Amino acid sequence: MAVLDISDLSIEFPTRRGILSAVEGLSLSIEAGEILGVVGESGAGKSLTGNAVVGLLEPPGRVSGGTIRLNGEDITHLSENAMRRVRGAQIGVIFQDPLTSLDPLYTIGRQLTQTILTHQKLSAAGARDKAIQLLSEVGIPAPERRFDAYPHEFSGGMRQRVVIALALCCDPCLIIADEPTTALDVSVQAQIIDLLKKLAREKGVATMLVTHDMGVIAETADRVAVIYSGRLVEMGKVRDVIDTPRHPYTRGLMDSIPQIGQNLRTLPNIEGAMPRLNARPEGCAFNPRCTQTLDRCFRHVPPLDTTADEQRQVACWLLTEQENRKETAYA
Amino acid sequence: MINFILKRLLQSTVVMLFVALISFFLFNFVGDPISNMVGQETSTEDMEQLRENLGLNDPFLVQFARFVGNAVQGDFGISYRLQRPVEELVAERMPATLELVFVSALIAIGLGVAGGLFTGLRKNHWLARLTLTSSLIGVSLPTFIIGILLIYIFAVQLNWLPSFGRGEVVQITDGWSTGLLTGSGWRAIILPAITLALYQTTLILRIIRSEMLEVMRTDFIKFAKARGLKSRDINYGHALKNTLIPVITVTGLQIGSLIAFSIITETVFQWPGMGNLFIQAVQFADVPVMSAYLVLVALFFVVINLIVDLLYFVVDPRLRADLVH
Chain A
1 MAVLDISDLS
11 IEFPTRRGIL
21 SAVEGLSLSI
31 EAGEILGVVG
41 ESGAGKSLTG
51 NAVVGLLEPP
61 GRVSGGTIRL
71 NGEDITHLSE
81 NAMRRVRGAQ
91 IGVIFQDPLT
101 SLDPLYTIGR
111 QLTQTILTHQ
121 KLSAAGARDK
131 AIQLLSEVGI
141 PAPERRFDAY
151 PHEFSGGMRQ
161 RVVIALALCC
171 DPCLIIADEP
181 TTALDVSVQA
191 QIIDLLKKLA
201 REKGVATMLV
211 THDMGVIAET
221 ADRVAVIYSG
231 RLVEMGKVRD
241 VIDTPRHPYT
251 RGLMDSIPQI
261 GQNLRTLPNI
271 EGAMPRLNAR
281 PEGCAFNPRC
291 TQTLDRCFRH
301 VPPLDTTADE
311 QRQVACWLLT
321 EQENRKETAY
331 A
Chain B
1 MINFILKRLL
11 QSTVVMLFVA
21 LISFFLFNFV
31 GDPISNMVGQ
41 ETSTEDMEQL
51 RENLGLNDPF
61 LVQFARFVGN
71 AVQGDFGISY
81 RLQRPVEELV
91 AERMPATLEL
101 VFVSALIAIG
111 LGVAGGLFTG
121 LRKNHWLARL
131 TLTSSLIGVS
141 LPTFIIGILL
151 IYIFAVQLNW
161 LPSFGRGEVV
171 QITDGWSTGL
181 LTGSGWRAII
191 LPAITLALYQ
201 TTLILRIIRS
211 EMLEVMRTDF
221 IKFAKARGLK
231 SRDINYGHAL
241 KNTLIPVITV
251 TGLQIGSLIA
261 FSIITETVFQ
271 WPGMGNLFIQ
281 AVQFADVPVM
291 SAYLVLVALF
301 FVVINLIVDL
311 LYFVVDPRLR
321 ADLVH
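Line by line, the protein sequences give chains A and B.
Just so you know, full-length UniProt numbering puts 19 at position 19 of the first sequence, and the rest follows in order with no gaps.
Just so you know, full-length UniProt numbering puts 27 at position 27 of the second sequence, and the rest follows in order with no gaps.
I should point out that these hints are in silico values taken from the structure, not numbers from a laboratory.
The structure displayed is predicted, hence computed values, not measured ones.
The beta-carbon is built from N, C-alpha and C at its ideal position, and this holds for glycine as well.
Hints may be right or wrong, so weigh each one.
To be verified - A partial selection of chain B residues facing chain A, derived with a Cβ cut-off under 8 Å: (1) ASP174; (2) MET216; (3) PHE220; (4) ALA224; (5) ALA226; (6) ARG227; (7) LYS230; (8) ARG232; (9) LYS241; (10) ARG318.
Said to hold, decoys possible - Ranges between beta-carbon positions, derived for each pair: (11) B:GLU214 x A:ARG85: 25 to 35 Å; (12) A:LYS237 x B:ARG320: 49 to 59 Å; (13) B:ASN124 x A:VAL186: 37 to 47 Å; (14) A:ASP74 x B:ILE153: 54 to 64 Å; (15) A:SER155 x B:ILE5: 40 to 50 Å; (16) A:ARG85 x B:PHE313: 36 to 46 Å; (17) A:ARG17 x B:LEU141: 38 to 48 Å; (18) A:SER155 x B:ARG129: 23 to 33 Å.
The shape of chain A in the complex, shown without the other chains (with noise of 0.2 Å):
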C-alpha cells in the first residue's frame, strides 16, 4: 500500500471575480522508500499540492474534490484539530528558506523538544536525548553543544540540517520538502540531497520533493510527476523521463537545460508563458506553446494514457494518436 496516494485531486481559490481552478485532478502516489520528484514552472500547482496534503492551504483556497490518503486512510477533510495531530507527527514538512523557516528567538534545542513533546508523551530530559540524537543523524556536529545555540548561529546548510531534523521529530512517515535546496549553495544543494536520500533509504520515509529544478530531480528522485497549469502531463521513472520526454512540455523542459561544454549564443526556451489561472486555454492547457498541435488539443483536455507502459503516463494527443495510428497498422 502507497504512503501517500492522491486521487483526482482538485483545488481552488474563490475569488470575487468567479472560482479559479489551480489544480485539477490530479493524481499520483509514493511508496515508502520512495522520493517522487514533483516538477513544474512557479504557479503550476506543485507547492499547493503539498500544502493540500498537510491541509496548510491558505485561505480561501481549498480541496474542491478527490480523496488524500496517507497509509489508506482518508485525511482530506480532518478537522483542523486532527489535521494537527498528523501534522508533524506522520508528516514532515521542509520549506524553502532554511533562514526565516526558524523561529529567531528560541533556541534550535527548545524548537525541536517543543515539537517532540507536543506529538509524543516523554520527558523532558527523554526529549532532549531524542533531539540531540536527531541533530547527529542530520549531521550537525557536536550536537549536545549546539542543543543550545540560536538559529543565527548556524550557518544556512546547517539550518536547512535543523529543519529536517525538526520535520524528523516523530519519525513520520512522509515528508514533504518544498524547494529544500533553492535557497542553498550548490555544495550544501549536494548535502541535503544526499541527506534526503539517505532517509528515504535507511528509514524507509516516502518522500515528495518539490521543486523546479530538474538536476536535482535527476539526482535525488526515483519517479517524476510533471505538472503544467495544475495538471499531471507527465510521470514516470526519473531516468525515463530525462532520457526519453514524451511530453512536448517536458521534452521543452529538457532542451532548456544547457549543457556544460555547449557553446550557445542564447539558451534555448519555451515560447510563452504558463497561462494565467483564470486564462487556461480550452483543451490542452500547453496548447498556446506547442509547436505540434493537432485539432484537438484546442478542443478536449488529453487523458493521462498509461497504455503503453504502467510506470508512465503522458497526457498528450499526439501519443493517443500515434497509439491510433500503431492499432490501425496492425488491423
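Got chain A; can you put chain B on it based on the hints?
Frame of chain A, contents of chain B only:
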C-alpha cells in the same frame, strides 16, 4: 554589555545636560526673574542688590554650572508664586502623577495587548472589526474632550464617580501619599486613568495587531504550523514574542508621553499632580517650577529609554550575540 550600558549612560547624560541648558535659558530669558520676585514698589537699587545677591550678574558658564550643580542635588530654587522650595512642591505632587500614570499604563498595556492579539488573530470576527473601528475614536478624539465627556456621563448624569480630585489619601512614608489604598481614592482615579489611557491603548492595540498580522505571515509561523504545534503555542509563544521588540519600543515611549500628557488630564480632573502644578506655574510665569518640571520629564524619558534598550537584550538573542562579538 557593560560597555553598552556605559555608552548609553553617557548619551543620557548628554541629553540631560542639553535639557538643563534649555531649562536654564528659560530661567534667564523668559521674563526677568527679579521683577517676578519683587513687588512694584521696590526701588531699582534694591533690585540690583537682589540681582547681585542671587548671582544673576555672574558669567554665563558660572551660572549654568551652578544651575546644574543645584539641579543634580534636587535644588531648583524657590517657587515665585508659593515661596517654597520647588523640590518640596514637586515631591508633594509626584506620587499623584506617578500613580495616575501607573494605573493608566496598566490599563493601556492590558487592554492594548489583549485587543491587539484578538484583532490580529481573529481579523474577520465582527468584534475585531468593531474594536478596530472604535479604536479610531481613541486615536482621533482629543484627551480633554474624552475627559469632559466622561465627567458629564459618569459624574454629572449618573453620579457614580467623582469628577475631580484624588479622593482620600493615605500617607505611607514621609514622601509618599497614596490614593490607591482607599475606596474613594480608587473611585477618583478611574475616570482620569481611563482618559489618559485611551489614546495609548488604541496605539498599542493597533501596533500589536499590525505586528501580529505581519508575523503570522512569516515562514517560521508557517513551519510551526507544519510541525503540528498547538495554536496556543504558536500564537503566544512564537508570534506574540516576535512582535515584542516594536511593541516594547512604542510602549516605553508611550509611558513617557503618559507622564507628559498627564498635564491635560490633570487639568480637566483637577488632579493634584505635577502636571497641574506645571500649568499653574505657566499661568504665573513661575519659572523655577517650569524648569524643574522640564528636567524631570526629560529624566523620566531618558530612564525609560534606557530600560527599553536593556529589554531588547532580554527578548532578542541576536542582539545579545552582537554585543559579545
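Hint check results:
A hinted interface residue such as B:ASP174 counts as satisfied when its beta carbon comes closer than 8 Å to some beta carbon of chain A; here the least separation is about 44 Å, so the hint is violated. Using the Cβ-Cβ criterion of 8 Å, the hint placing B:MET216 at the interface with chain A is not satisfied: the shortest such distance is roughly 11 Å. With its C-beta approaching chain A no nearer than about 5 Å, B:PHE220 sits inside the 8 Å limit, and its interface hint holds. With 8 Å as the threshold, the beta carbon of B:ALA224 comes within range of chain A, its nearest partner Cβ sitting at about 7 Å, so the hint holds.
Because the beta carbon of B:ALA226 sits about 4 Å from the nearest beta carbon in chain A, less than 8 Å, this interface hint is met. With 8 Å as the threshold, the beta carbon of B:ARG227 comes within range of chain A, its nearest partner Cβ sitting at about 4 Å, so the hint holds. Checking B:LYS230 against chain A: minimum C-beta separation of about 6 Å stays under 8 Å; hint holds. Hint on B:ARG232 is violated. Least Cβ distance to chain A is approximately 11 Å, over the 8 Å limit.
The interface hint given for B:LYS241 holds, since its Cβ lies 5 Å from the closest Cβ of chain A, which is under the 8 Å cut-off. Evaluation of the B:ARG318 hint against chain A yields a held restraint, the C-beta minimum of about 5 Å falling below 8 Å. Under the hint 25 to 35 Å, the C-beta atoms of B:GLU214 and A:ARG85, about 28 Å apart, fit the expected range. Between A:LYS237 and B:ARG320 the CB atoms are about 51 Å apart, so this pair conforms to the stated range of 49 to 59 Å.
At about 44 Å, the beta-carbon gap between B:ASN124 and A:VAL186 stays in the expected band of 37 to 47 Å. A:ASP74 and B:ILE153 have their C-beta atoms about 58 Å apart, which keeps the hinted 54 to 64 Å range intact. Range check, A:SER155 to B:ILE5: about 31 Å between beta-carbon atoms, so the 40 to 50 Å window is missed. Checking the proposed 36 to 46 Å range against A:ARG85 and B:PHE313 shows it holds: the Cβ atoms sit about 37 Å from each other.
Between A:ARG17 and B:LEU141 the C-beta distance comes to about 40 Å, which sits within the given range of 38 to 48 Å. In this structure the supplied range 23 to 33 Å is violated for A:SER155 paired with B:ARG129, their Cβ-Cβ distance being about 44 Å.
Comparing the model with each earlier hint shows violations of hints 1, 2, 8, 15, 18; every other hint is respected.
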